[in-house]
Amino acid sequence: MLFGNQRARKGELSSPARFVSFALMKRTASTIVAILFSASASFAELPDSFADNIAAIQAIGSEGAGNKEATAAWQAIAKADGEAILPLLQAMEAASPVSKNMLRSAVEVISENELAAGKKLPVDSLGTFVLNTSGSPQARRFAFDLLSQVDSAGARKLVPGFINDPAVSLRREAVTGVMIAGKAQLEKDKDAAAKLYREALNAARDVDQIDEITKTLRELGQEVNLPKHFGFLMDWKLIGPFDNSERAGYDTVFPPENEIKLDATYDGKGTAKVKWVAFTSADEYGMIDFNKPFTSMKEVVGYAHTEFEAAEAGPAELRLGCKNAWKIWFNGELIFARDEYHRGARIDQYILPIRLSKGTNTILVKACQNETDESWTVQWEFQLRICDSTGTAILATNRKKAVVAPPAKKK
Numbered sequence: 034m035l036f037g038n039q040r041a042r043k044g045e046l047s048s049p050a051r052f053v054s055f056a057l058m059k060r061t062a063s064t065i066v067a068i069l070f071s072a073s074a075s076f077a078e079l080p081d082s083f084a085d086n087i088a089a090i091q092a093i094g095s096e097g098a099g100n101k102e103a104t105a106a107w108q109a110i111a112k113a114d115g116e117a118i119l120p121l122l123q124a125m126e127a128a129s130p131v132s133k134n135m136l137r138s139a140v141e142v143i144s145e146n147e148l149a150a151g152k153k154l155p156v157d158s159l160g161t162f163v164l165n166t167s168g169s170p171q172a173r174r175f176a177f178d179l180l181s182q183v184d185s186a187g188a189r190k191l192v193p194g195f196i197n198d199p200a201v202s203l204r205r206e207a208v209t210g211v212m213i214a215g216k217a218q219l220e221k222d223k224d225a226a227a228k229l230y231r232e233a234l235n236a237a238r239d240v241d242q243i244d245e246i247t248k249t250l251r252e253l254g255q256e257v258n259l260p261k262h263f264g265f266l267m268d269w270k271l272i273g274p275f276d277n278s279e280r281a282g283y284d285t286v287f288p289p290e291n292e293i294k295l296d297a298t299y300d301g302k303g304t305a306k307v308k309w310v311a312f313t314s315a316d317e318y319g320m321i322d323f324n325k326p327f328t329s330m331k332e333v334v335g336y337a338h339t340e341f342e343a344a345e346a347g348p349a350e351l352r353l354g355c356k357n358a359w360k361i362w363f364n365g366e367l368i369f370a371r372d373e374y375h376r377g378a379r380i381d382q383y384i385l386p387i388r389l390s391k392g393t394n395t396i397l398v399k400a401c402q403n404e405t406d407e408s409w410t411v412q413w414e415f416q417l418r419i420c421d422s423t424g425t426a427i428l429a430t431n432r433k434k435a436v437v438a439p440p441a442k443k444k
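Residue 117 in my numbering sits at position 84 of the sequence shown; the count goes up by one each step and never skips.
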C-alpha cells in the first residue's frame, strides 16, 4: 500500500523539513508516479443506474433545466460506497460548473460516510488520478485534498513532482516548498538560496509568489527581468476604438481582420478615424493596456498586432491572460476565441498550441470591452507570451530590450 495511514486529518503542506533535500524528494515522487501508473484500478461492480445518474447530473442546463432529475440522481449516488469516488472524479472532467459542484459534494458525502464507518478510501486510485496531468485541474486538486486528509504523509511525497504541473494550484504547493527551502538557506548560503529561488521563479505562475521570489532575488543582488524570463511580448501595434455597442463588435469583422496595413486609416466608433499606433508595455507582467493610448472607454473593440521572429521552426504555445472577450489569430489563422467578459485574468489563463515557422510569425489579438461600468470592469488589456510545453520562454530574435517600470512601493 503506497498510502498507508488513513486517519482523517488535515495535512499541512508547507513545512521546511519536507523540502530540505529537494532533489531527493523529486526522485521519490518520480518513483511513486511509476508505481501508481503501473497499477490497475479494481472497482467493485457499481449499480446499473450509476452511469445514468451521473449523466443526469452532467445534463443540468442553464437556468436550472434538469435540476429535478439531477437532484434525484445525486441522492442515489450519495448512497454509494468508496468505489464510486474515482468514477465521480472522472465525471467532473466533462461537467459544467454546476454539475461539477454536485459531483464534488457527492464525493464529499461518500468520503465522510466511509470514514465514519471505519472504512478506507481508495488512496492508490486517488494518487493515480492526481498524477494524471491530462485530467481536470479542479478534479485533480480535489482528489489531492481528499488524499491529504486521509494520508498527509503520502500526499506530501507527491508535492515536489508538481513543480511543472499544468494544474496551477498543485504547482503552487511545489513552488511553496522550494521557497521554504530557499528561505532556510538565506543565512547559511546565499548562493544556494539564490539557486533555489531561481528554481521557484522558473515554476511559479501565481503573481503573489512571483512578487515574493523576485523581491528576495533582488535583495540577494540578483538581476530579475520578468518580461524576458516569462517571454511576455512587449512591443505591439494597436488600433481602435471600433464599435462594440450591444456587444455586437465581437462578431463584426473590422478591417484588421482582413488586412494588416500599418499605415492605413479606418472608420472607428462614431465619427472617429483610427490608425495603428506603436505601444511598448512597461509592465513587469507584459500587460498590453488599450486604455493607455486610447483612454478609458466602454463598448469598444481594439486590435493588437505584432511579429515574432523565430530562430527555428517547431511546436510552441501561446499563453494568454485576458478578462475581456477576445479572439486571436496566429499567422493569419484564427486559433481560439472567447466571448466572455470580466471573468478574471491570470498568467497562462489560456494555453494555445501553435507551430512556429522559422522567421516571421504574425499575431493578431482582438479585445472587446463591454458596457459594464463598475470599477472592476475598466480593464481593457491582455498579456501574452510564447513558450514551450513546460512554460519555458521562447524568445524572438527581434525582441527589444524591455524598459520596465519598477514595481510600485506598497504603502
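One should not assume that every hint holds.
[As the list claims (entries may be wrong)] Here are the computed lysine-lysine pairs in the BS3-like style, where the Cα-Cα straight-line distance is at most 25 Å:
{"#": "1", "residue 1": "Lys325", "residue 2": "Lys356"}
{"#": "2", "residue 1": "Lys433", "residue 2": "Lys270"}
{"#": "3", "residue 1": "Lys152", "residue 2": "Lys112"}
{"#": "4", "residue 1": "Lys248", "residue 2": "Lys261"}
{"#": "5", "residue 1": "Lys101", "residue 2": "Lys112"}
{"#": "6", "residue 1": "Lys216", "residue 2": "Lys228"}
{"#": "7", "residue 1": "Lys248", "residue 2": "Lys221"}
{"#": "8", "residue 1": "Lys391", "residue 2": "Lys331"}
{"#": "9", "residue 1": "Lys190", "residue 2": "Lys325"}
{"#": "10", "residue 1": "Lys270", "residue 2": "Lys152"}
{"#": "11", "residue 1": "Lys270", "residue 2": "Lys248"}
{"#": "12", "residue 1": "Lys360", "residue 2": "Lys294"}
{"#": "13", "residue 1": "Lys261", "residue 2": "Lys306"}
{"#": "14", "residue 1": "Lys112", "residue 2": "Lys248"}
{"#": "15", "residue 1": "Lys112", "residue 2": "Lys294"}
{"#": "16", "residue 1": "Lys360", "residue 2": "Lys308"}
{"#": "17", "residue 1": "Lys294", "residue 2": "Lys306"}
{"#": "18", "residue 1": "Lys331", "residue 2": "Lys270"}
{"#": "19", "residue 1": "Lys356", "residue 2": "Lys391"}
{"#": "20", "residue 1": "Lys261", "residue 2": "Lys190"}
{"#": "21", "residue 1": "Lys261", "residue 2": "Lys294"}
{"#": "22", "residue 1": "Lys270", "residue 2": "Lys228"}
{"#": "23", "residue 1": "Lys306", "residue 2": "Lys360"}
{"#": "24", "residue 1": "Lys302", "residue 2": "Lys261"}
{"#": "25", "residue 1": "Lys153", "residue 2": "Lys101"}
{"#": "26", "residue 1": "Lys153", "residue 2": "Lys133"}
{"#": "27", "residue 1": "Lys261", "residue 2": "Lys101"}
{"#": "28", "residue 1": "Lys223", "residue 2": "Lys270"}
{"#": "29", "residue 1": "Lys248", "residue 2": "Lys228"}
{"#": "30", "residue 1": "Lys261", "residue 2": "Lys434"}
{"#": "31", "residue 1": "Lys112", "residue 2": "Lys153"}
{"#": "32", "residue 1": "Lys152", "residue 2": "Lys190"}
{"#": "33", "residue 1": "Lys261", "residue 2": "Lys221"}
{"#": "34", "residue 1": "Lys153", "residue 2": "Lys261"}
{"#": "35", "residue 1": "Lys248", "residue 2": "Lys190"}
{"#": "36", "residue 1": "Lys216", "residue 2": "Lys308"}
{"#": "37", "residue 1": "Lys391", "residue 2": "Lys133"}
{"#": "38", "residue 1": "Lys223", "residue 2": "Lys261"}
{"#": "39", "residue 1": "Lys248", "residue 2": "Lys302"}
Derived from the structure by calculation, the hints contain no laboratory data.
Fair warning: this is a prediction, and the values are worked out from it, not measured in the lab.
Right, here's what the structure says about each hint:
1. Lys325 - Lys356: It holds: about 17 Å lies between the C-alpha atoms, which stays within 25 Å.
2. Lys433 - Lys270: holds (14 Å)
3. Lys152 - Lys112: Status holds; Cα separation ~14 Å.
4. Lys248 - Lys261: holds (17 Å)
5. Lys101 - Lys112: holds (18 Å)
6. Lys216 - Lys228: holds (11 Å)
7. Lys248 - Lys221: holds (19 Å)
8. Lys391 - Lys331: violated (39 Å)
9. Lys190 - Lys325: At roughly 47 Å apart (the allowed maximum being 25 Å), Lys325 and Lys190 break the hint.
10. Lys270 - Lys152: violated (62 Å)
11. Lys270 - Lys248: Measuring from Cα to Cα gives roughly 31 Å; hence the hint is violated.
12. Lys360 - Lys294: Satisfied, since the Cα-Cα distance of roughly 19 Å is no more than 25 Å.
13. Lys261 - Lys306: With Cα atoms ~35 Å apart, Lys261 and Lys306 exceed 25 Å; violated.
14. Lys112 - Lys248: This hinted pair is violated, its Cα atoms lying about 51 Å apart.
15. Lys112 - Lys294: violated (64 Å)
16. Lys360 - Lys308: At roughly 20 Å apart (the allowed maximum being 25 Å), Lys308 and Lys360 satisfy the hint.
17. Lys294 - Lys306: holds (15 Å)
18. Lys331 - Lys270: The hint holds at about 20 Å.
19. Lys356 - Lys391: violated (31 Å)
20. Lys261 - Lys190: Since the Cα atoms of Lys261 and Lys190 sit roughly 33 Å apart, the hinted pair is violated (cutoff 25 Å).
21. Lys261 - Lys294: Violated - the C-alpha atoms of Lys294 and Lys261 are around 28 Å apart, more than 25 Å.
22. Lys270 - Lys228: violated (37 Å)
23. Lys306 - Lys360: holds (23 Å)
24. Lys302 - Lys261: violated (35 Å)
25. Lys153 - Lys101: violated (32 Å)
26. Lys153 - Lys133: With a Cα-Cα distance of about 24 Å, the restraint between Lys153 and Lys133 holds, given a limit of 25 Å.
27. Lys261 - Lys101: This hinted pair is violated, its Cα atoms lying about 53 Å apart.
28. Lys223 - Lys270: Answer violated: Lys223 to Lys270 is near 42 Å, above 25 Å.
29. Lys248 - Lys228: Distance ~14 Å between Lys248 and Lys228 Cα, so the pair holds.
30. Lys261 - Lys434: The hint holds at about 9 Å.
31. Lys112 - Lys153: holds (16 Å)
32. Lys152 - Lys190: holds (23 Å)
33. Lys261 - Lys221: Violated, at roughly 30 Å.
34. Lys153 - Lys261: violated (49 Å)
35. Lys248 - Lys190: violated (29 Å)
36. Lys216 - Lys308: Not satisfied, since the Cα-Cα distance of roughly 50 Å exceeds 25 Å.
37. Lys391 - Lys133: With Cα atoms ~42 Å apart, Lys391 and Lys133 exceed 25 Å; violated.
38. Lys223 - Lys261: holds (24 Å)
39. Lys248 - Lys302: Given that 25 Å is the threshold and the Cα spacing comes to 43 Å, the pair is violated.
Comparing the model with each earlier hint shows violations of hints 8, 9, 10, 11, 13, 14, 15, 19, 20, 21, 22, 24, 25, 27, 28, 33, 34, 35, 36, 37, 39; every other hint is respected.
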